[in-house]
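S.K.: The residues making up each chain are set out below.
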Amino acid sequence: MSLWRLEWLRLVRTRRLVGLVAVYLFFGATEPVLLRYAGEIMGWIGGDITVVLPPTRPADVFGGYTGNANQIGLLVFVLVAAGATAVDAQREMAVFLRTRVRAPRRLLLPKVLVPAAAGAAAFTVGVAVTWWGTAWLVGPADAGGVLAGTACGAAYLAFVAALTAAFGARLPSAVATAAATLASAAALGVLGSVAGARGVGAWLPSRLAGALADLAGGGDAASYVPALLSAAVVGAGLVMLGARVSAGREL
Amino acid sequence: MRTGAALVPLVAGVVAFEVFCLVEIRRHEARHLPKVVWVLVCLASVPLGGILYLSVGRGERTRGAEGEGGAPPDGAAPVRVPATPAVRRPAGAAAGAEPMVAVTSLTKRYGDHAALDAVSLAIPRGSVYGLVGPNGAGKTTLLGVLAGLRRPTSGTAACAVEPRRVAVLPDTPHFEPWLTAREVVELARQLTDPTGDPAATAAALARAGLTGAADRRTGGFSRGMLQRLGLAATLVGDPELLLLDEPCSALDPAGRREVLDLVASFAGGPTVLFCSHILDDVQEVCDRVGVLRDGRLLYDGTVEGLLVGAAAPAYLVRVRPPAAPVVAALAAVPWVEAAAEEEDGSGVVRVRVRSVEDAEAGLAAALAATGSRVVSVEPDRPDLESVFLELTR
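So the sequences go chain by chain: A and B.
Just so you know, we're using our numbering here: the first sequence kicks off at 1 and counts up by one.
Just so you know, we're using our numbering here: the second sequence kicks off at 1001 and counts up by one.
Same shape as in the complex, but just chain B (with noise of 0.2 Å):
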């Protein structure tokens, strides 16, 4: 009779939670078996079936009938989406054989957030194409899809090769702290390329600079050097596709170098898509480039087409001061659109000009009519950081 009396509460408990589960599955999306199995694996199995209903089964909440990349139920405020501007392309961009990369209209939403938004772009087979954008672009999400590491809302990504051909590298590479440089890079390789060259591993630490330390554990690795192991783990096995996320991130100057070097080293091997903030390093290793903010893409095409069409033709007038007179001279001739000082007095007077035809046959004799002393003339060539800058303002 006692131990009956005691059993109630356990008892009660033990329904509560079967109750608890049931309102659950009703509530939210099931994961990976229909809701009826799931409500058969709650009753048919007390209280395990729930547990593991809880901690497996239970998916997003549903809200009506609105689902990922479904439309909004009626009624339902629609998820506002701004509108997308267009993406910058210059003229025979896209033109070319079938791209190792083909991603179109990809759009991936986190609850209402857009971390990309009808992104479309082609990265041709053997180029290096730099994904640039401030934090929060989007730069990791495209990576972690064309990886196969996330699911797309909407829209497609495709890689023309098999997915073991895809190497990836992450912006913080970080392995098991017992395993040595060595292990690492030969379990890479036994992963993507077993049948391949043992000797593989060995060239690929050599290639990253860590043949010293291959034989020394992880654990004890600066930044660097996991960042140096990460790339030889890539390299290893042969891949037709690299997709390196910040790897200069967290390497000394020298280090920075020699990743470059060896990025700029793929021409015409294989495919890179190579994000990075930092804008000098994609400009002195990419032929194409995408600038991506808040979710969108705005730019897509070559390094040069993005500095040309993104410049309106200038001209930087050093002269000895005061340079005044020479900015009013200037500012009055016809074929100047804008003519300013610099505001650090050092006598650079920026010309902003309508063509640069107007400009070679006209400023040398617009700046003699000025009678000032002329130090130096030069075009104003915009970097990739103005531009960068300029876009994404």
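One chain only, chain A, in its complex shape (with noise of 0.2 Å):
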């Protein structure tokens, strides 16, 4: 019984896993039915109304399974996290834990990275759903496109995760954590949208996601590296940061 698996046994026993992945799972394997009959069902609901849509391209499903991603999707997994990383939240288990590890980078990595890692599984999960649903459907996908995007997307997650610990370091329950981590991602979204991606833009960790729904449309993948760099500098010195929170604070 080690720390990873006892974050582990949290993700499968608590059934946070199964949640995870279920909404991943719903939005990846809906989104391509949606998007391509998306004009029959405007129709059959607006009844003699005659709705003329675009024809559907594999982009767009991957843009719309990104923005439920980046909600709903967010929401779960940010929640998941911060029950993991607000290490004080209960007073007797933070005692059980911190007086028997003495370093708090050891007792915090594993409530980061095994939550990240479930929430880049169950990202790609439902990006997997999402591809064969568009080929299905639709009609085939830039594969290197969508592979760097989930590949963003994952690296986003793993972000957010850092994040959590940060604030999980400091507020006093999960909760309060997962409040102030969802207003610093919404934040830093609004203030990617306004600084676009050029300049410091390029390098917000925000962009990445977004990046499913651009490169599975032909984007440039190369312009997502300054943003995936800052997201692993900034995400390892918010780790850091919590740790040393985690450290000075008293029980």
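Among the hints, erroneous ones may be present.
[What the hints assert, rightly or not] Straight-line Cα separation of at most 25 Å, SDA-like style, residue types lysine to any residue; simulated pairs: (1) Lys1035/B / Gly43/A; (2) Lys1035/B / Pro1009/B; (3) Lys1035/B / Val233/A; (4) Lys1035/B / Trp44/A; (5) Lys1035/B / Ala236/A; (6) Lys1035/B / Glu250/A.
Source of the hints: derived by calculation from the structure; they are not laboratory data.
Each of the two chains sits in its own frame; use the hints to bring them together as a complex.
M.R.: As structure tokens, this is what we get:
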């Protein structure tokens, strides 16, 4: 029984992993159908009104999936990650762990990396189902773009997990940690949309959130390298900050 | 043009937030990074830097030059520290080899409140040290400091073993409800003694009486079972120093007896710091005791030293009623300092004497002279509870 297994059991026995995968799976399964038959569905709902939509492209499906993944999916993921990284939310368990693990980094790493890996896996499962549905109902997607976009999406979730670690080390509960993380992620997103894709905007980790939609439509994968680099550096910094904050916090 | 106008309130809000963050940095102590770095973080990453600072970087509000443990600034009212009473220590009590725990002038403040006030004590290796005191006396704070979970405001608290050899049992142990008892103890073993014998897990569970519940999830455990599980997790790493906070508080009489027997069996083994409200437990298993009140250590020494030092010699004399003539006759004896009948009308007279020698030589004769029918005579031995109440009154 190690700290890594403890976090794995947290995901499995509390059914958080099932919930996480189910959310991404749902959007991955429904998005190709909804977009492929959007015209028919709107026509059916609208009665006599005839709706004419442009033909659905594979990039549209991935765009729809990305949108949902960045809203409901991210919300669920942040709740799962905050449940693990809010180390001191339950004082007695915190005493148990902190009196036995003297290096906070050793305690925090599994709490960040295991949920991050679970989030990345759930996101990837959703992408795989979207890809399959798109190929079946809409048409083939650019494989290189989809794979690169999936990697960017997974990296963004890892960055968000690091963000929860920084907040979780200071805030008193998982809910407060999740709220602060979501607010920060939203603020980063707003900043990204204001800054655009050039200059400072190119370096914002939040750019990675929408990478799948862009790259599946033929976007330039190299343009996401700065955001990947900053996500890695800032994410590592956030985990170290979280460990330091946790070490300084009294129980 | 329209888009630009719509952005004005957004930009104004962000600017206002940044100004607020900069003012907060000026007004508060900075945590983890110097203030100047936090200013750069706020300015370089708008508004994430500010959110990060407010969440993790903002410390206590600055009050002049006064800091934790520092001197008050000129003109500021100093924090009033009540005079610390002298700690009662029986002669020769602190003698011996290097102590397992050495606490020197330990003070822990929360704002103006001193949870611990210049506490000094030494716990010898292999002893079972009872720490008693009313609620809010500072017992848990002292344990927290020794466990490394709280920082002292001033003074030192040192353990003579490396931190992984120190095990802590909180007063209300609680574990992830989806873990089994075996997994909790195994996790404790892996974290404290990963190269040790894996069979230690089963042994610790057996020692705590949880073998039958080893594979049950802790979510269904009673408080008493959680207490036992906490004890098993505490014991499994073969620690050299055990910090037990109210280990019997949630146990039924049988469980309490088992825990007391377990602690008593440590004699000569690991050093134990045993916090408890239950004075009978402390009297039974501890060879040394410390009495805390309002963060101050009132006594530090052996249990016997506390009991002997606290009490003037006295005897309980039971006579057939009426007891009033006996009280009057004994009160007239020169070496009797006080004689009074117990209020319950049972015919018991409490006789406080100048010395044991006087009483042993003359009490029987004095009673015979009263002509009363004497049922029994016995020394009035003080218990820890009465001494404790006397000390903490």
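S.K.: Work down the list of hints and note, for each, if the structure agrees.
M.R.: Verification of the hints:
Straight-line distance between C-alpha atoms of lysine 1035/B and glycine 43/A comes to about 60 Å, which puts the hinted pair past the 25 Å bound. Among the hinted pairs, lysine 1035/B with proline 1009/B is inconsistent with the structure: their alpha-carbon atoms are about 29 Å apart, more than 25 Å. For the hint pairing lysine 1035/B with valine 233/A, the CA-to-CA distance comes to about 22 Å; that is within 25 Å, so the pair holds. Between the alpha carbons of lysine 1035/B and tryptophan 44/A the distance comes to roughly 61 Å, so the proposed pair goes past 25 Å and is violated.
For the suggested pair lysine 1035/B and alanine 236/A, the alpha carbons sit about 22 Å apart, so the restraint of at most 25 Å is met. The suggested pairing of lysine 1035/B with glutamate 250/A holds, with an alpha-carbon distance near 22 Å, which does not exceed 25 Å.
Of the numbered hints listed earlier, those contradicted by the structure are 1, 2 and 4.
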